[in-house]
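So the protein sequences, as listed, match chains A and B. Here our numbering is used: position 158 in the first sequence is 158, and no number is missing along the way. Here our numbering is used: position 77 in the second sequence is 77, and no number is missing along the way.
No wet-lab data here; the hints were simulated from the structure. Treat the hints with care, since some could be wrong.
To be verified - Within a straight-line C-alpha distance of at most 20 angstroms, the following computed PhoX-like cross-link-like pairs (lysine-lysine) qualify:
hint : chain 1 : residue 1 : chain 2 : residue 2
1    : A       : Lys23     : A       : Lys43
2    : A       : Lys130    : A       : Lys23
3    : A       : Lys130    : A       : Lys2
4    : B       : Lys284    : A       : Lys17
5    : B       : Lys221    : B       : Lys306
6    : B       : Lys165    : B       : Lys2
7    : B       : Lys255    : A       : Lys296
8    : B       : Lys284    : A       : Lys296
9    : B       : Lys221    : B       : Lys38
Said to hold, decoys possible - Ranges between beta-carbon positions, derived for each pair:
hint : chain 1 : residue 1 : chain 2 : residue 2 : range
10   : A       : Thr292    : B       : Ser39     : 42 to 48 angstroms
11   : A       : Thr292    : B       : Gly67     : 34 to 40 angstroms
12   : B       : Asp36     : A       : Gly141    : 57 to 63 angstroms
13   : B       : Val34     : A       : Lys171    : 14 to 20 angstroms
For glycine and all other residues, C-beta sits at the position ideal for the given N, C-alpha and C.
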Amino acid sequence: MKSAVIGTGEISAEHLKFLANSKATDLVGVCDLSPAAAGYAAKTFGAENAYTDYKQMLDEAKPEVVHVLTPPQSHVPISTDCLDAGAHVICEKPVTLGHDQFASLWNHADKKQKRLIEDHNYRFNRPVLKIEKLIADGVLGDVMEVDIRMALAIRDGGRFADRNLPNPAHKLPAGVIHDFITHLSYLVLRFIPDPDKVSAAWTNHGGDDLFKFDDLDAILIAGDKHARIRFSCRTAPDCFAITVRGTRAEVQTDLFHPFMRLIKPRTGGEKLAPVVNQLANGLSLVGSSCSTLRNKLMQRTPYEGLHTFLNRTYDALQHDAEPPVTFDDMDRTSRLIDQMLAEGNWV
Amino acid sequence: MKLLITGASGFLGRHLVAQAVMRGHDVRAQVRPVSDIKSLGWENHPRVEIVRADLRSRAGLDDLVRGVDAVISNAACKAGDFYTQFAGTVITTENLLQAMANTDVKRLVAVSTFSVYGFLKMSDRELLDEESPLDTDPIDRDEYAQTKLVQEQLARGFAKEHQGKVTVVRPGVVYGKDNLWTARIGMELGANRCLVVGGRSILPITYVENCAQAIVFAAEKEQAVGQTYNIIDDDLPTHRQYLRALNQHRKPRMKSLPMPWLVMRFLAAIALGVNKLFLGRQAKIPSILRPAALHARCKPSTYTNKLIKDSLGWSPHFALDEAITRSVADTDPATLTPEPATEQTTADHETRTCA
């Protein structure tokens, strides 16, 4: 399929690596407002042409799939133009700034008979896929509790702390946390899909005028099932921790430093099971440390899921099948973010 | 002349402003919006106009450039990941050059670096001069080399596309106050130990005041237009001699562990071979064990500053010992004594912000 990329920021490296290595795609164009950035990306990843005007690229290169990787504020107009030009759209998160916008953009894609797919890359990381398999195999029993916790030192330097040229993410409805909230939301919804009560504490503990919020603590309840979403920039080390507790077992992982700790009924009965669990998890940790070392050496990053996501997405597009991230996935995610941001649900 | 100096609050930038003023120029000094300007050394000088602007954004850059005779493009980013450095080095230059084109300012002195050279293609002891090959495949080099290569291409593009009068200057290792260690010597092993690779290799250094003066010369002289100059000092020390000179002023002394160049080169070749054969060349190897990066850092080459000396009549004012003495002194060599300000110049001297 003929593919093109709009926006050559940091995340574009992962999309472009995939496109450069994929046999299913032909990278016909890369576009950025900066000619130098577009040219560099095109040269590095073997795109046929570099553009600074995406409309010109749509017109001349006629891509069948466009990856929209620009700041979120520009997703709706750019995606609309891509759909109008007859291209499927794979869009970075958040696809829109609210559910109303999402519904409208989805309807537009539907009218044009094109796919609109939001990047839910962490859903395709190996530990998450393993947890889903544990649930499908009945190992965890019924899922009762989920904790999703991200800690990132965004105030201590880097693109979000830059006061010289504040990152556009600061202007999103939830400030810079909006840049991460999609990940936290779609992951929690994989395990507890229909929360009926949502409450959220949005706080700016740092208390300055650059950050709107720097901390989120949200509780979701669906009947007798509970979930918690945490975002913190004040705890160390950085983590992206997931804990899922079921009626039979509990599993923990961290997507930044992958490991898997599974506590389940094991041979040895009630008294010996804790010992067997510790031994089994100890061995598993040793294996994880070897994997982490290998990942570091081989430059495998937590973006590994993005490649699986794109692979499955292109496979679906080629065969006119349902993409791995469906309307329901995006619709629920967008609604949940709106619910957390609704002032009536604030703690 | 009225000179615009970008990146004016940085290590080299502060000295560029000081040297330009000492040579009788008026300076518009670009600093970033939240840079601390309290101790630049010339923040109250009547011939310096400080303008706050972030070159990563095009907003207000035409006003920044308008009315100057020449631009010394010195802003660059040496820290952070590739995308941070690309924005801080390449996008900034691209925006600056666009503003120069918009305002019809033609004269540009682009501050590049020795890092753009393709050391891997050169033989040991080969003379590195302005004709030496650039790195055409910098994928195994660091982000700094990769982005500076693109930046230099932009400057040359400005000469072609906008009839710019461009001079490219490539300083070697610039040293001075608070910047005395260089990775070209080898590798730091904790606070007071270092691995010295190729102790007898020559270190292509230039003291920051000497370097700044050379760059201002390049902006002044008509014969510099269209030229590329390497900037290094005279009587270059070896790695070992430089470390010895540093240790005369350092307590505790930096203890060195010698590593012959040929051994280090062999180890890097082994690392590359293992990476290629067994790891599909995907493994992230420390830069000192990547041949392209190791050769750029530590290769025993020979150097010359003949072209800039002959062409511009520049010669480095401070020799190594005096330069290090100035670097470790309590006084800051970039500090200018303010001239007595007239009422008019005082009124003129306000920090401006480009929006």
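Results for each hint:
| no. | hint | verdict |
| --- | --- | --- |
| 1 | A/Lys23 with A/Lys43 | holds, 18 angstroms |
| 2 | A/Lys130 with A/Lys23 | violated, 27 angstroms |
| 3 | A/Lys130 with A/Lys2 | violated, 32 angstroms |
| 4 | B/Lys284 with A/Lys17 | holds, 16 angstroms |
| 5 | B/Lys221 with B/Lys306 | holds, 16 angstroms |
| 6 | B/Lys165 with B/Lys2 | holds, 16 angstroms |
| 7 | B/Lys255 with A/Lys296 | violated, 31 angstroms |
| 8 | B/Lys284 with A/Lys296 | holds, 7 angstroms |
| 9 | B/Lys221 with B/Lys38 | violated, 32 angstroms |
| 10 | A/Thr292 with B/Ser39: 42 to 48 angstroms | holds, 44 angstroms |
| 11 | A/Thr292 with B/Gly67: 34 to 40 angstroms | violated, 56 angstroms |
| 12 | B/Asp36 with A/Gly141: 57 to 63 angstroms | holds, 58 angstroms |
| 13 | B/Val34 with A/Lys171: 14 to 20 angstroms | holds, 18 angstroms |
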